[in-house]
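Asks: Protein chains in written order, with my numbering: chain A, 1 to 273; chain B, 1001 to 1548.
Treat the hints with caution; some may be incorrect.
Calculated pairs, SDA-like style, for lysine to any residue (alpha carbon to alpha carbon, straight line, at most 20 angstroms) [what the hints assert, rightly or not]:
#, chain 1, residue 1, chain 2, residue 2
1, B, K1451, A, T112
2, B, K1420, B, D1259
3, B, K1481, A, T69
To give an idea of the interface, some chain A residues facing chain B are shown, with a C-beta separation under 8 angstroms as derived from the structure [what the hints assert, rightly or not]:
#, residue
4, D14
5, G65
6, T117
7, A121
8, T122
Here are a few chain B residues that sit away from chain A, every Cβ distance over 12 angstroms (derived from the structure) [as the list claims (entries may be wrong)]:
#, residue
9, S1046
10, T1076
11, K1129
12, H1235
13, A1239
14, T1329
15, E1402
16, H1439
17, K1447
18, K1451
19, G1458
20, V1475
21, G1547
If you are wondering where the hints come from, they were derived from the structure by calculation, not from laboratory data. Built from N, CA and C at the ideal position, the CB exists for glycine as well.
Below, each chain spelled out in residue letters.
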Amino acid sequence: MKKIRVLVAKPGLDGHDRGALVIAQALRDHGMEVIYTGLRQSPAQIAQAAVQEDVDVIGLSSLSGAHRTLFPKVLQELDDRNASDIPVIGGGVIPSEDIPYLLDKGIKKIFTSGSSTELLATYIMEMIDPKTSSKKPPKQISHIGIAVENIDAALSFYTDSLGLELEAVEKIESEGVKVAFIKIGESRLELLEPLNEKSAIRKFLDKKGEGIHHIALEVGDIRTRLQQLKQQGIPLINEEAKTGARNSQIAFIHPKTANGVLYELCQHEGSDD
Amino acid sequence: MPEKKNDLSQKNQWEHSVAETLKRFPEREETFTTSSDIEVKRLYESENYPDDVSYPGQYPYTRGIQPTMYRSRFWTMRQYAGFGSAKETNKRFRYLLNQGQTGLSVAFDLPTQIGYDSDDSMSEGEVGKVGVAIDTLTDMETLLDQIPLDKVSTSMTINAPASVLLCMYIAVGEKQGVPLEELTGTIQNDILKEYIARGTYIFPPKPSMRLITNIFEFCQENVPKFNTISISGYHIREAGANAVQEAAFTIANGMAYVDAAIEAGLKVDSFAPRLAFFFNAHNNFFEEIAKFRAARRIWAKIMKEHYHATDPKSWKLRFHTQTGGSTLTAQQPDNNIVRVTLQALAAVMGGTQSLHTNSRDEALSLPTEDSARIALRTQQIIAHESGVADTIDPLGGSYYVEALTDEMEQKIKEYLDHIKDIGGAVQAVEEGYMQREIHQNAYEIQKRIEKEEEIIVGLNKFQLNEEVNPDLLKVDEKLEKSQVECLQDIRDFRDQDVVDKILAELKENAKDSEINLIPTILNAVKAYASVGEICNVLREEFGEYTGI
């Protein structure tokens, strides 16, 4: 397969290139060809380089706060050269409130401080070749969800009798549940306790009593995978991923295609295929 | 570790210097005591003192450069600040001084740092973003309005156009009626680390080194209390170097400046006392402390033994510290307060002369006023509550810290030898040697973090499901427009003939490497020539550095 060509560029006057250089190196280690522009490139120079080098994707890095002005300018300059088909992604010190603005202007994705280079490489590979992820099966059982009436009462069996480690307890107000994660090998048991009457877990408990509620499969780019499942005609409870516990993105598959089992797809930040 | 019996004459010398120091700087308390009323002595020492450790204020200064250290005066609390317009920044400065800050530190925006005016096309989107926008003397007058330059010392993070901003500072001082010889402060003026790590270079190395030695010479004669350079490891560390590399590359750069000044005909003791350093305080607590102690010792030995400086002031490595910006996480930003506290404590235990503590929100944007205040309070708590400043070098004699200091000194020396073999720091920079070493280390760190071999709390362990959306400081997008308008007004009102004449003179003088350019730049600044106009004249003569 042809190597993916990436232009890593520093628009504006910002001299912080540690991130750009580290990313360039990481993408090379993932088998991509990376061209780094060096510092102080104008949007026109970047667009020109992208066209000349015939790159598949452009990565912009800015830590000076000029991203709101300069990132859209790069898109404009690409458009002027009939090259708006080259996807542009960005990163650096970018406040989360600026991200919707940049995405709205046509930047494909913003990777902020703390993003992993693995995740970035996977993202680029899947963007350039969307079939990449479908070839890969989900990599493991992330967790098994167990509906309980009361986490505090249920915990002792897991931690004292079985000797497992309680990893975290958190409330997910949007779902009306409190969850406890119990670590077992690389997977987790997730105890789910309803917080209110409207909670899906409350309804489950009323109907079936305590017991296994769902099985969660760890996946890479959840959005791409949901699209693929949809195209294959698999009924989904959530067509869009939503935020779940432990900073994950989750979506449920309807149990009618899965032998009555409720499956959750979940992607943790920093996770990849 | 070579050990010898406590050298009485060294001890006598120290005691004598303490007596001298106390006349000028009495100690903060008559007696220092712990909460249980145990008296805290000025210094704790051992019978078997290695020569290399010596006494505070005594060569080779392992235990600090002053005989009484923080018993007399705390370090200077100097928070780096600047954003938007000169007026806004002036307001922040006055706020910080009111809150008990003891020195100023100016952050300039990128166009100013790279010698472009706010209306230059290169400046688009950058005006006022990472610091204050300064185009002409008018902006500098606003920036320093109601700040008494005879009382407050000012540090300016400015490198390639350091001469221009220094001249503006001098001109404001004159307008305030402060004699030049009373102005105190520091200009960063360290171009080598710009090529290596920070990126705000303009001219190629050779003319850049000329401007630097011009400043040394001018200040030695006219502004003798100003630190003419702040040789900076901070940004080298931020770019990904480890502690040894930070210290080694900084000292190698320092030697390159000393060499350049000597080559320009200056006597080492005439400028070396005004050299200052600037280090990073990173996460590994004891390693950082050992780094500061080792750097001090090596510099003293180099100045005395290699350059044959005879003035003890030339031997002393005085340094500013900033806590490590790249150690801050965007995730769970309040955790950064704890990181900063530990890093600041390391700087204090390492004997820093001044300190900037980062704010918790700096992985996301410039700090808000609240965050900046907590950062300052962190220093004040260390100073006034922890008691660590009550005795000199409290970790001196620790088996671990002394061994680590020795080992770091050894490793730093190995790097220095290697750079010497390459042909010195300027050559090593031009060949990209330091850049490669730093980049390699940065990449290794990233891989270790991703493999969770290195734990960053909240980033790759103990994560939270959080909405990262604290209140952030926003620079007004309209600022760029008003700054440009203001600059145009000044161009309209100033005497253009005078400006043209001085700039032409500057161009002529730039051609002759024997001429010191600072007096002409000072005249240009006083005639309200802009940073960009002055730098453009020099660009025409010197050319531009374009990286390697």
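Asks: Indicate, hint by hint, whether the structure satisfies it.
Replies: These are the hints, each one checked on the structure:
no. : hint              : in the structure
1   : B:K1451 x A:T112  : holds, 19 angstroms
2   : B:K1420 x B:D1259 : holds, 12 angstroms
3   : B:K1481 x A:T69   : holds, 13 angstroms
4   : D14               : holds, 7 angstroms
5   : G65               : holds, 4 angstroms
6   : T117              : holds, 6 angstroms
7   : A121              : violated, 11 angstroms
8   : T122              : violated, 12 angstroms
9   : S1046             : holds, 42 angstroms
10  : T1076             : holds, 27 angstroms
11  : K1129             : violated, 4 angstroms
12  : H1235             : violated, 9 angstroms
13  : A1239             : violated, 5 angstroms
14  : T1329             : violated, 6 angstroms
15  : E1402             : holds, 33 angstroms
16  : H1439             : violated, 5 angstroms
17  : K1447             : violated, 8 angstroms
18  : K1451             : violated, 10 angstroms
19  : G1458             : violated, 9 angstroms
20  : V1475             : violated, 7 angstroms
21  : G1547             : violated, 5 angstroms
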